[in-house]
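Fit chain B to the supplied structure of chain A, relying on the hints for placement.
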Amino acid sequence: DAEITQSPRHKITETGRQVTLACHQTWNHNNMFWYRQDLGHGLRLIHYSYGVQDTNKGEVSDGYSVSRSNTEDLPLTLESAASSQTSVYFCASSSDRTEAFFGQGTRLTVV
Amino acid sequence: GEDVEQSLFLSVREGDSSVINCTYTDSSSTYLYWYKQEPGAGLQLLTYIFSNMDMKQDQRLTVLLNKKDKHLSLRIADTQTGDSAIYFCAEFSSNTGKLIFGQGTTLQVKP
Chain A
7 DAEITQSPRH KITETGRQVT LACHQTWNHN NMFWYRQDLG HGLRLIHYSY GVQDTNKGEV
67 SDGYSVSRSN TEDLPLTLES AASSQTSVYF CASSSDRTEA FFGQGTRLTV V
Chain B
294 GEDVEQSLFL SVREGDSSVI NCTYTDSSST YLYWYKQEPG AGLQLLTYIF SNMDMKQDQR
354 LTVLLNKKDK HLSLRIADTQ TGDSAIYFCA EFSSNTGKLI FGQGTTLQVK P
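These protein sequence lines map, in sequence, to chains A and B. In terms of the numbering used here, the first sequence is residues 7 to 117. In terms of the numbering used here, the second sequence is residues 294 to 404.
So here's chain A without its partners, still in its complex pose (with noise of 0.2 Å):
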């Protein structure tokens, strides 16, 4: 079955380091999103991609970056990592005709 993975499920890190989390989908969807969740904002986007070669700026991307080198990869990089960006990271797929489907969410420390 297709699916939505994504990697660590946990993860602590320092401040300052570089992190990646990966999300690997198998839909072959075009469109994929990330999202960080945080209580008392719901979700808020930081990236997304309509396809390969295709990277846009979501309301909180300060401080993060995508690159979309195939279709089922969209691996998210903080790049000096603040506690700020302690947060729980959601990564989502859809195409034009179907609704976004869901990692299971990787959780995010910094410390």
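For the record, the hints were derived by calculation from the structure and aren't laboratory data. Keep in mind it's a predicted model, so treat the numbers as computed, not measured. One should not assume that every hint holds.
Stated by the list, open to error - Here are some, though not all, of the chain B residues that point toward chain A, as calculated from beta-carbon distances under 10 Å:
hint: 1; residue: G335
hint: 2; residue: S377
hint: 3; residue: I379
hint: 4; residue: L392
No residue lacks a Cβ here, since even glycine has one placed at the ideal position from N, Cα and C.
This is chain B only, laid out in the frame that chain A set:
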């Protein structure tokens, strides 16, 4: 820009109906979604509605869309304790390619 607003909390008694409301601002929205998130889990699609529809019914769930007022609601009939969760409203616009979420409504079902 795009914005999706929801009330943060709703408490009902088991067996009653629950109505969760959502407003959105993007008039180019193509699909509107309701997702459910149980504690510690990812997001699960409950139902969705195309922007050219007024109503959609799916077992205990009824979605109403007022496109003129940009208002979406989710009614859960005969609410059960297992319905306790956070419910997210989301809009997708095929024009912008963005999937934007509200803050989520926490539904508490009392026995």
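| task | Please write out, lowest number first, the hints stated earlier that are contradicted by the structure. | result | 2
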